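Peer 1: Protein sequences appear in the order of chains A and B.
Using the working numbering, the letters of the first sequence correspond one by one to residues -12 to 628.
Using the working numbering, the letters of the second sequence correspond one by one to residues 207 to 278.
What the hints contain is simulated information worked out from the structure, not anything from laboratory work.
Note that the coordinates shown come from a computational prediction; the quantities given were computed from them, not determined experimentally.
It is possible that part of the hints are untrue.
With the Cβ distance kept under 7 Å, some of the chain B side facing chain A (calculated, not the full set) [unchecked claim]:
| # | residue |
| --- | --- |
| 1 | N219 |
| 2 | N222 |
| 3 | E226 |
| 4 | V238 |
| 5 | M242 |
| 6 | Q261 |
| 7 | N266 |
| 8 | V270 |
Straight-line distance between alpha carbons at most 35 Å, and here's what the computed DSBU-like set of lysine-lysine pairs gives [stated by the list, open to error]:
| # | chain 1 | residue 1 | chain 2 | residue 2 |
| --- | --- | --- | --- | --- |
| 9 | A | K567 | A | K227 |
| 10 | B | K212 | A | K47 |
| 11 | B | K257 | A | K515 |
| 12 | B | K245 | A | K218 |
For glycine and all other residues, C-beta sits at the position ideal for the given N, C-alpha and C.
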Amino acid sequence: MNKKQKNLLIRIIIAAVLWVPLFLISEEIIEVPFFQKYPILLFCFFLIPYLLVGHDILRKALNGIKNKQVFDENFLMAIATIGAIALGEYGEGVAVMLLYQVGELFQSYAVGKSRKNISELMDIRPDYANIEQEDGTLEKVDPYEVEVGSIIVIQPGEKVPLDGVIEEGNSALNTSALTGESKPREVAVGDEILSGSINMTGVLKVRTTTEFDESTASKILDLVENASSRKSKSENFIAKFARVYTPIVCYAALFLAVVPPLFIMLTHVGAHHYATTGAIWADWVLRACTFLVISCPCAVVISIPLSFFAGIGGASNQGILIKGSNYLETLSEVKAVAFDKTGTITKGNFAVTAVHHSPVAEQELLDYAAHAECHSSHPISLSLQQAYGSKIDPTRVTGIEEISGHGIKAKVDGRNVAIGNEKMMKLVGAESHPCHHVGTIIHVAIDGEYYGHIVITDELKEHSKEAMQQLKKAGVEKTIMLTGDAESVAKKVAEEVGLTDYRAELLPADKVTAVEGLLKDYAGTNKKLAFVGDGINDAPVLARADIGIAMGALGSDAAIEAADVVLMDDDPLKISKAIKISRKCLGIVKQNIAFALGVKLLCLILAAFGIANMWLAIIADVGVMILAVLNAIRCLAVKNL
Amino acid sequence: MKKSYKIEVDCANCANLMEEAAKKTAGVKDAVVNFMTLKMNVEFAEGADPKAVMQDVLKNCKAVEEDCEIFL
């Protein structure tokens, strides 16, 4: 609790202690003849706890009137309690103020607490960096002051303060604060490491590659902290609602206090219920006061931004960065997800999956192919070298010649090896067999004779299939893959993963058109389209979709910039998780709106008919607020969704 | 030009009032108050002096919500 809250708590306690005996006296449960003789003294005594606990509310209400911002909750409470006291209901008037302040205290405490919880979840801000002095001792400096290219030392247990490349040492890093992935990542010399992760086992010397402001940790924090500034429709609705609602309620209360008594006095309808004219006024003014107490809108006003903030905080803890409350809201309405293929559904690393029609052993063919491609860094060449498995001996290779659009010719162990597509085979006069497999086909000819072909395919990500099932479970109707690959490849991947649709052979510009087509299908409905890509060359598509999700984006500025939702690692399961988190939060927001407004409306009606008294009013107000805030905090718990 | 300031305010509605007060201040192009992170992001109009403008913003905010604070 901060100073203000402690102060309020003490005021509440003292006022409550004073209030109890006074209330018992006023209700004549304890009989004190002195007060019965001088009731005005009882009023004076009640003023002590009233002013003690409510003076700031009264002052704020006055201030509001001065500033022509009359209708706020302070005004409601001031009028209601003064009204009750003026009618001789001292005990109730003071109790309302007391309980209202209890509610305010709880609210301020709960918000402060969850603010702290959320910032702890996102505790990736490094406090210092170690710089080695000439005598070998370490000096702690502010990460702001470390220049790009400096060498910093990170000891076990410390946070990586700046992005950089390891110069010395190896260790395991805990990147869970960044990615939500709990498995430690092994790193060694030459690896790039990101700020915000925690060094677990070994001492590392790192050459920094960014300034603090540009480092991953700073960027993520900035993004998440500013996320709730982009307000959602629900939040805007509530802000507008509160602006219209409070004046309406005040006028309604005024109406309730004046019109029915006048009506009764003029027509004498129902007048037999009252002993005197004064009693008619007292009854209706008290009803109006009760009406005002109930109408206080704080439960909704506080719980909605709190829900969004908690949801965004919880998601970021799982490696899902949502750039604004509005995006969280849109995400919950997603009914179709379009995917890029490479890097999203597939790993984007190619692997040899078959060797066909080879007259020699597979390993021997791979040996020739890998050596012929030994100087290329193309993903296909790398996959050949990987499939070969043994060490490449470049001295066995001479006369490498790359023929653009065909392939590579080289002498390996003195034999003329040609590898490439069918055109290449024609060029060297070998007769190639077509392949019925899907993927990239590499034909091999040795000394002009056909030696079969190698099939290379992009591997599916481990969780791709499961991710599609999860999406379906989360209520996504359509999953569409957009790819530049050949029809046959796209079809196979789509079937294997369980996509509902695919579009193949698309140029980058066609992807935008395809997304626009999908958007058109949903035009005029509440259904939204998400696009998931790796953020590298699909920025226009990310921007065009209702919501752009970039994955595996850790360290890629362009992707973080272009997307609305950023998945820190490249696990496709995170897509459904993000959608589930958004659904949960929006569900809670809607529950709170419906619950708070429903209870209020019910109590307002009861109060207008004189059924609800002031006790019920204040308990409904504070109770609804407490329940709504507790419900909002549930948004934080998204780990097991 | 955009700047971010730390603020202190007790309730969400008061934060909304601050936001409105800040928006109405001369020299402020746009202002967003974030109650959850207790931050005020102000976009200044061209040629405005942030320091002078923020004094006015603080004054206007205090007028609507005397308990608030902006750490300039």
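Peer 1: Compare the structure with each hint and give your call.
Peer 2: Going down the list of hints, with the structure as the test:
1. N219: Since chain A brings a Cβ to about 5 Å from B/N219, closer than 7 Å, the hint holds.
2. N222: holds (5 Å)
3. E226: violated (9 Å)
4. V238: Holds, about 5 Å.
5. M242: At about 4 Å, which falls below the 7 Å cut-off, the nearest Cβ of chain A leaves the hint on B/M242 intact, so it holds.
6. Q261: Given a least distance of 18 Å, the restraint on B/Q261 is violated.
7. N266: violated (10 Å)
8. V270: Since chain A brings a Cβ to about 6 Å from B/V270, closer than 7 Å, the hint holds.
9. A/K567 x A/K227: This hinted pair holds, its Cα atoms lying about 28 Å apart.
10. B/K212 x A/K47: holds (23 Å)
11. B/K257 x A/K515: violated (43 Å)
12. B/K245 x A/K218: holds (14 Å)
The structure fails to meet hints 3, 6, 7 and 11 from the earlier list, while all remaining hints are met.
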